[in-house]
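Residue-level listing of the chains:
There are 2 protein chains.
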Amino acid sequence: MSELLEKAKKAKAITSELAVKTSEQKNDALRRISMQLLLEKDYIISENEKDIEVGKKNGFNESLIDRLRLTEDRIKDMAEALILLVELNDPVGEVLASWARPNGLKMKQIRVPLGVVGMVYEARPNVTVDASSLCLKTGNAVILRGSSSAIHSNIAIVNVIHHALEQSEIPADAVQLLEDTSRETAAQMFKLNEYFDVLIPRGGAGLIKTVVENSTIPVLETGVGNCHIYIDGSASKDMAINIAINAKTQRPSVCNAAETILLHEEWAKNHLEDLIKALLDKKVEIRGDEKVRGIHPEIKEAIEEDWGTEFLDLIVSMKIVENVDEAIAHINKYGSLHSEAIISETAENVERFFNYVDAAALYHNASTRFTDGFEFGFGAEIGISTQKLHARGPMGLPTLTSTKYIVTGTGQVR
Amino acid sequence: MSELLEKAKKAKAITSELAVKTSEQKNDALRRISMQLLLEKDYIISENEKDIEVGKKNGFNESLIDRLRLTEDRIKDMAEALILLVELNDPVGEVLASWARPNGLKMKQIRVPLGVVGMVYEARPNVTVDASSLCLKTGNAVILRGSSSAIHSNIAIVNVIHHALEQSEIPADAVQLLEDTSRETAAQMFKLNEYFDVLIPRGGAGLIKTVVENSTIPVLETGVGNCHIYIDGSASKDMAINIAINAKTQRPSVCNAAETILLHEEWAKNHLEDLIKALLDKKVEIRGDEKVRGIHPEIKEAIEEDWGTEFLDLIVSMKIVENVDEAIAHINKYGSLHSEAIISETAENVERFFNYVDAAALYHNASTRFTDGFEFGFGAEIGISTQKLHARGPMGLPTLTSTKYIVTGTGQVR
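Top to bottom, those sequences are chains A and B.
Using my numbering, the first residue of the first sequence is number 1, and each one after it goes up by one.
Using my numbering, the first residue of the second sequence is number 1, and each one after it goes up by one.
FYI, nobody ran anything at the bench for these hints, they're computed from the structure.
Keep in mind that a hint or two might mislead.
What the hints assert, rightly or not - Mimicking EDC-like on lysine to aspartate or glutamate, the simulated pairs with C-alpha atoms at most 20 Å apart in a straight line are: (1) Lys209/A x Glu348/B; (2) Lys108/A x Glu348/B; (3) Lys108/B x Glu375/A.
Predicted model only: the values in this text are computed from it and were never measured.
Can you build the whole structure from these sequences, using the hints too?
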């Protein structure tokens with residue numbers, strides 16, 4: 001039997017056992033993993049070093065190497081995150097609703113784990129700990145399919161997790177890593193509906209597209225963020241510039257960073273100069289539409305493709321619009337249903353924006369950078385959903401659960 | 001442009017307009033459709049007659065013809081269902097949660113429509129009205145892809161719906177029928193992620209499998225029900241027989257009917273005789289395991305395939321088990337995660353069953369036939385989900401919605 005099938009079967013086989021583990025049993029396991037990561041940090045770092053060497057040989061750039069690298073500090077962060085996770089409420093077993101029917105049937109809807117989660121991700125070994133611990137807390141079995149370029153790190157981390165689980169009441173098979181990272185095996189995995197309840201891709205647009213297009217298993221689509229800041233005519237100058245700069249530059253490589261700034265023509269008339277100066281001070285490359293370039297011909301032209309691009313870099317496209325409706329139409333045409341902000345002091349425009357923009361999170365007078373499970377107060381995050389089914393926006397622990405109806409009768413028939 | 005693409009674009013174009021229609025505007029449209037169906041009943045029936053003639057020529061059996069047939073009574077039932085739908089609470093706009101963050105951000109999660117729903121179904125013209133009205137009530141645009149064998153009926157019904165919508169404040173494009181029912185066009189539809197937010201297949205196992213395996217759009221999987229009745233050692237004889245007979249025979253062609261009866265050996269020792277007699281009285285064909293046939297050699301043998309089959313007919317497979325754990329293991333191996341019942345007076349066995357059986361709805365001392373949106377008190381049902389994401393079990397109106405986070409700030413940045 002292939003490694004994939006063997007591990008998938010093992011995962012499936014323990015789902016009902018995992019579903020009834022108590023919060024204390026699961027928390028005990030999380031605490032042990034936290035300690036074990038610290039105890040075995042040297043082993044993890046030395047295995048990680050192997051991946052980094054291979055990465056360098058393969059010409060990874062500094063940012064890819066940085067993503068891949070595990071340091072003592074980063075391992076400490078992981079260990080701390082596990083302890084914070086212990087503190088969070090366990091959603092499993094929560095009664096979501098209970099009612100009685102006229103025929104005397106008593107109905108109850110309770111939260112249960114999803115079952116087997118397939119996590120598909122890139123060369124970020126921190127996701128290995130992150131996904132394992134969130135799945136463990138919610139009583140799910142997880143099969144991790146990471147990148148071949150992080151394979152030594154991932155094997156080491158999963159070994160450490162197993163060392164911890166072996167001392168706990170959670171079976172070690174709750175967390176399994178696919179050591180075979182071939183595309184063929186991934187393609188097989190995406191069709192194993194019999195064993196997997198959900199696939200969660202985490203990574204760039206290419207990875208997510210591959211999973212969405214090739215999976216017959218339900219997918220929780222995460223991530224791509226082509227976010228906009230719309231500055232309305234009545235927006236305060238300082239607030240608007242401050243939010244635009246924050247959304248674009250505070251961490252340009254993430255999905256909730258802004259990619260396009262839309263300006264009401266009235267606001268642009270008075271403040272475009274200052275906004276452009278602030279962006280240039282932060283070394284942002286601006287790509288403007290005709291109206292922007294009518295005022296500032298030195299600015300590079302935004303081509304059609306730019307409006308739909310998640311730059312993930314210090315680049316911003318900029319367009320002047322006549323009114324909030326033109327902004328809404330632009331966002332609904334090019335946005336990725338992630339996070340969209342309006343900066344305005346005009347209540348009716350804010351209401352229009354909230355009503356008509358289709359996205360997971362809409363902001364009034366705040367930065368799009370807040371779309372994040374921790375910033376939302378969820379205490380954890382398995383990703384940010386840009387699809388509409390099951391979960392939308394930052395996904396906390398309840399996202400990793402399904403429900404069950406429990407019906408108690410006294411002999412009722414139809 | 002193809003019919004599919006043209007209609008998909010039209011549907012997508014009106015989603016934000018539909019999302020802000022008031023409950024009263026939507027209810028007014030539902031009332032008008034209800035009236036229009038009655039007013040144009042002769043037109044619908046005469047168009048339906050064409051489908052029936054073709055069906056007869058093509059050798060449809062009586063049960064298929066019956067599903068296809070629209071009579072004055074059935075049209076009246078549809079019209080009545082629309083009026084009942086008016087009474088139901090509109091989930092759109094409902095505030096699911098609201099909270100504030102330490103930084104002063106005010107968060108709110110509200111229900112919004114899904115957007116564009118693709119309904120894929122078989123030769124049941126009543127689904128045309130049903131799906132259209134549920135989507136309309138929840139502010140969704142729907143594209144209906146019915147069966148070619150119901151095409152005249154479907155065109156007539158959608159014409160009637162359009163006549164009603166033209167008098168209402170809901171755009172007629174909210175409900176569109178694909179007149180091209182070719183497989184090639186369906187295959188294209190299943191990949192139009194840009195336009196469709198969800199596909200809902202309704203029909204037999206084959207149809208559902210086709211959609212699940214070929215769609216890149218999220219699917220709400222419905223329907224297949226291989227349901228079990230487990231009669232525990234302590235079960236009351238009369239209650240157990242009554243429930244087993246009801247679950248098997250009251251309407252054998254539906255997904256929540258039972259397909260297998262599992263018997264505790266103690267109960268079988270005392271009451272097998274009576275159960276078999278009751279089933280035979282109802283003309284049920286029994287297929288037994290070795291133990292059943294050890295007592296009743298005249299009973300047909302259940303082969304491996306029988307345990308996994310949704311008979312949808314007066315056939316039942318029957319197995320004697322040693323204890324509740326053997327019953328649970330059998331159900332988790334062969335069940336379709338739909339509805340499972342335990343008949344028992346032993347609290348700890350019931351608890352074990354509720355904890356360890358993986359299914360959308362679990363019953364104690366009641367028939368599996370209650371898994372139904374109306375029986376659950378939801379007042380409507382778009383199908384019964386046998387998957388774990390988004391919705392599980394009977395799907396009422398809220399299933400046709402997603403959510404949006406609305407965040408209000410005073411200039412917050414990270």
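Here is what the structure says about each hint:
Restraint check for Lys209/A and Glu348/B: the C-alpha separation of about 47 Å exceeds 20 Å, so the hint is violated. Of the supplied pair hints, the one linking Lys108/A and Glu348/B holds, its CA atoms being roughly 18 Å apart against a limit of 20 Å. A distance of roughly 14 Å separates the Cα atoms of Lys108/B and Glu375/A; the hinted pair therefore holds under the 20 Å criterion.
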